[in-house]
Amino acid sequence: DAGVTQSPTHLIKTRGQQVTLRCSPKSGHDTVSWYQQALGQGPQFIFQYYEEEERQRGNFPDRFSGHQFPNYSSELNVNALLLGDSALYLCASSLGAGGGLGEQYFGPGTRLTVT
Amino acid sequence: AQSVTQLGSHVSVSEGALVLLRCNYSSSVPPYLFWYVQYPNQGLQLLLKYTSAATLVKGINGFEAEFKKSETSFHLTKPSAHMSDAAEYFCAVTPKGNSGAGSYQLTFGKGTKLSVIP
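Chain order of the listed sequences is U and A. For the first sequence, our numbering assigns the number 1 to the initial residue and increments by one for each residue that follows. For the second sequence, our numbering assigns the number 1 to the initial residue and increments by one for each residue that follows.
Incorrect hints may appear among the rest.
Claimed, not checked - Simulated crosslink set (EDC-like; lysine to aspartate or glutamate; CA at most 16 Å straight-line):
no., chain 1, residue 1, chain 2, residue 2
1, A, Lys-49, A, Glu-64
2, A, Lys-96, U, Glu-103
3, A, Lys-49, U, Asp-85
4, U, Lys-13, U, Asp-85
What the hints assert, rightly or not - Which stretches of chain U does chain A cover? Using the computed rule of at least three CB atoms under 8 Å from a CB of chain A, they are:
no., stretch
5, 33–41
6, 44–55
7, 106–114
Since the hints were derived computationally from the structure, they do not count as laboratory data. All C-beta atoms in this analysis are idealised placements derived from N, C-alpha and C, irrespective of residue type, glycine included.
Produce the entire structure from the sequences given, and follow the hints as far as they go.
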């Protein structure tokens, strides 16, 4: 059973460019959350997708956008990249339906460097 | 807004010694609490979680944490450190009342890097 996968592993972009990061959730999961982890910091919540809609959003500008596909995979898009966007971007999947506090399973992340 | 404070960005212990990683939360209502571990170049792995059942929570790899409402704390402990425990540890919270499993957003602390000295 494959866990959460993310691509690419590493990425180098120039200021002002746009980037797309991809995430495939763990089998059976329908909810995808994205987090940004700057160097030396804890992850910060960007947004969450469920049933192809953004369900929750953290304190991030509109330059950060996302999408969820019918197969539950997700993309994170960042426009007009800034140096401060350099970070590890983590995707977490979970089961959105039903009760209880289901575990969020994290992928290995995509390391984005903006130069 | 909820927040998490992890005391000590870096903790060193000798192999076989007690591990104690501190976490305090700020919330008007006791939240759900989590501890995650992150090994180099890997994602986060859940160690344990507190969901208002037992206040002493046992997790994987011999770790446990105790929820103390009066101290707004959720410290992580392990009786005897192993070399394989060297990693970064994150405490996280989410407010109670979120509907639907997996629909919550986590607020993380800044992390504590644990070094184990042979």
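So which of those numbered hints doesn't the model satisfy?
Violated hint: only 3; rest satisfied.
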